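The first sequence lines up with residues 38 to 517 when you count with the working numbering.
For the record, the hints were derived by calculation from the structure and aren't laboratory data.
Predicted model, so just to flag it, every value in this text is computed and none were measured.
Among these hints, one or two may not hold up.
Using 25 Å as the maximum straight-line C-alpha spacing, the simulated BS3-like pairs for lysine-lysine come out as follows [claimed, not checked]:
(1) 408 with 431
(2) 431 with 355
(3) 398 with 408
(4) 355 with 408
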Amino acid sequence: MEAILYNLTWNKITNMTVVTRFAPSPTGFLHIGGARTALFNYLFARHHGGKYLLRIEDTDRARSTQEAVDAILDGLAWLDLSGDEPPVFQHAGMERHAAVARELVTRGRAYLCYCSPEELEAMRAEARAQGRTALYDGRWRDRDPGEAPAGVAPVVRLKTPLEGETVIDDLVQGRVTVQNSQIDDFILLRADGTPTYMHAVVVDDCDMGITHVIRGDDHLNNAFRQAQLFKAMDRPVPAFAHIPLIHGQDGAKLSKRHGALGVEAYQEMGYLAEALCNYLLRLGWGHGDDEIIPRAQAIEWFDLDGVGRAPSRFDMAKLDNLNGHYLRETPDADIADLVMARLETRPGLVLDGAARERVRKGLPGVKARAKTLVDLADGAAFYAAARPLAMNDKAAALLTPEARGLMQSLAENLQTVTEWTEEALDAAVRGLAEKSQVKLGAVAQPLRAALTGSNASPGIFEVMAILGREEALARIKDIC
RNA sequence: GACCCCUUCGUCUAGUGGCCUAGGACAACGGCCUCUCACGCCGUAAACACGGGUUCGAGUCCCGUAGGGGUCGCCA
Numbered sequence: 038m039e040a041i042l043y044n045l046t047w048n049k050i051t052n053m054t055v056v057t058r059f060a061p062s063p064t065g066f067l068h069i070g071g072a073r074t075a076l077f078n079y080l081f082a083r084h085h086g087g088k089y090l091l092r093i094e095d096t097d098r099a100r101s102t103q104e105a106v107d108a109i110l111d112g113l114a115w116l117d118l119s120g121d122e123p124p125v126f127q128h129a130g131m132e133r134h135a136a137v138a139r140e141l142v143t144r145g146r147a148y149l150c151y152c153s154p155e156e157l158e159a160m161r162a163e164a165r166a167q168g169r170t171a172l173y174d175g176r177w178r179d180r181d182p183g184e185a186p187a188g189v190a191p192v193v194r195l196k197t198p199l200e201g202e203t204v205i206d207d208l209v210q211g212r213v214t215v216q217n218s219q220i221d222d223f224i225l226l227r228a229d230g231t232p233t234y235m236h237a238v239v240v241d242d243c244d245m246g247i248t249h250v251i252r253g254d255d256h257l258n259n260a261f262r263q264a265q266l267f268k269a270m271d272r273p274v275p276a277f278a279h280i281p282l283i284h285g286q287d288g289a290k291l292s293k294r295h296g297a298l299g300v301e302a303y304q305e306m307g308y309l310a311e312a313l314c315n316y317l318l319r320l321g322w323g324h325g326d327d328e329i330i331p332r333a334q335a336i337e338w339f340d341l342d343g344v345g346r347a348p349s350r351f352d353m354a355k356l357d358n359l360n361g362h363y364l365r366e367t368p369d370a371d372i373a374d375l376v377m378a379r380l381e382t383r384p385g386l387v388l389d390g391a392a393r394e395r396v397r398k399g400l401p402g403v404k405a406r407a408k409t410l411v412d413l414a415d416g417a418a419f420y421a422a423a424r425p426l427a428m429n430d431k432a433a434a435l436l437t438p439e440a441r442g443l444m445q446s447l448a449e450n451l452q453t454v455t456e457w458t459e460e461a462l463d464a465a466v467r468g469l470a471e472k473s474q475v476k477l478g479a480v481a482q483p484l485r486a487a488l489t490g491s492n493a494s495p496g497i498f499e500v501m502a503i504l505g506r507e508e509a510l511a512r513i514k515d516i517c
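Please model the entire structure based on the sequences and the hints provided.
Now the structure itself:
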């Protein structure tokens with residue numbers, strides 16, 4: 038509570054509009070954790086009427102790829118989490134980053150360090166052996182630059198305070214204090230003159246006017262270092278909010294098997310962006326007993342005080358459930374195109390005008406049975422299947438000699454049905470069951486197999502009505 | 001190892017000292033509906049990590065223990 042008040046006060050005093058940013062490094066796809074971080078940044082900015090920006094952290098030229106940039110931007114676009122302005126590419130600001138570092142050196146807030154990688158490694162090894170955190174010991178901090186070895190390009194390190202403590206009133210984690218002795222003189226500029234992440238982030242956050250840094254709590258330790266840099270630059274430290282990481286079903290780090298997939302993989306698996314966002318929102322954040330929270334509602338309700346501090350596990354079953362819900366809520370016309378696109382890639386279908394029309398008409402009935410767009414395509418495919426239909430094992434088992442006999446009779450009875458409607462077909466099929474002294478299921482199930490090639494489908498009268506007289510009768514005769 | 005963080009049903013969570021014989025959701029199980037499978041509806045089982053305090057009273061505050069996570073790069 039104290040931390041929250043503190044930061045709100047800070048915000049009021051400076052009378053700043055909220056500006057957040059999502060800053061992924063383009064070394065891979067946009068994974069679930071990143072998507073949630075983006076969501077929280079977006080929601081927080083919208084809730085407070087502020088701005089939400091994007092920044093691509095590509096200072097590591099060797100590991101950054103254009104494919105990754107595209108994957109991330111595409112993923113964000115799919116989730117409707119594109120930034121309010123075109124993304125900032127950190128790489129473009131390198132000159133500026135270097136200039137700031139140089140100025141820090143002239144002002145005595147940073148210095149040149151000539152340590153070799155081997156020297157640093159030895160330092161770390163010794164620290165560990167002595168049971169200390171592996172930190173740079175500041176051996177070049179006050180050393181005479183005249184002692185610089187010849188031919189060695191120096192790095193620039195920040196001169197951080199040796200004593201006292203650094204306090205961060207994190208909007209999620211609360212007040213966190215670290216002794217300054219635990220913060221070493223970290224590198225601002227590499228030997229080749231390029232900025233490190235730690236430095237570029239702070240300079241860019243200043244330049245972009247970021248007021249709230251919302252990111253994964255794997256950055257919590259960085260925040261103390263970055264706070265020192267902000268101070269060295271005489272700039273206000275933004276408010277921090279470190280959100281807990283997402284774990285896999287087994288409680289360990291997200292692995293390839295569950296969440297560590299790119300969001301585009303979820304799109305392919307047939308999840309709706311709205312459902313994924315709703316799921317991600319509820320992972321680590323809650324609003325009373327509410328579960329179904331569409332975007333507009335989320336913007337109204339979201340705030341950082343609702344974010345929990347414990348890591349949460351990724352649960353596919355809940356995502357499935359939520360996706361099923363959103364599937365049912367989405368207007369049929371909107372998902373018809375998505376389903377059709379998926380059907381077009383399937384073999385064994387005849388997607389002519391009549392078939393497409395049947396699929397469209399059948400969609401509402403299939404929806405209740407689907408969790409994903411893949412399920413939907415699976416469930417609706419029979420409406421466009423080429424004759425004779427392929428049967429699954431259970432459907433084939435349903436077509437006993439007796440059942441085929443019943444189908445024969447049914448085909449004859451159906452000739453007399455004048456109005457090809459659900460009601461009339463219902464009456465006709467029930468009539469046959471009664472006359473043959475069997476339960477409705479004894480007729481309905483083989484009929485289902487004949488019409489859909491499956492043992493499970495939407496209501497069989499609905500199926501028959503949508504298929505139409507000609508197609509339905511043809512499919513029945515195919516199995517007689 | 002050092003530093004930092006975390007710990008309510010299997011999972012996501014509600015809970016901010018009395019409203020908690022701990023609520024909701026997903027999953028599980030049982031039932032209703034029913035031409036199948038679903039959807040929907042009804043119901044059952046299921047948790048405050050452990051130990052000490054503080055307090056008239058603790059899931060809620062404090063300390064410790066255990067377990068989990070994160071960080072310790074001229075990566076981000």
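Hints versus structure:
{"no.": "1", "hint": "408 with 431", "verdict": "holds (22 Å)"}
{"no.": "2", "hint": "431 with 355", "verdict": "violated (29 Å)"}
{"no.": "3", "hint": "398 with 408", "verdict": "holds (19 Å)"}
{"no.": "4", "hint": "355 with 408", "verdict": "holds (11 Å)"}
Going through the hint list in order, the structure does not satisfy hint 2, though it satisfies all others.
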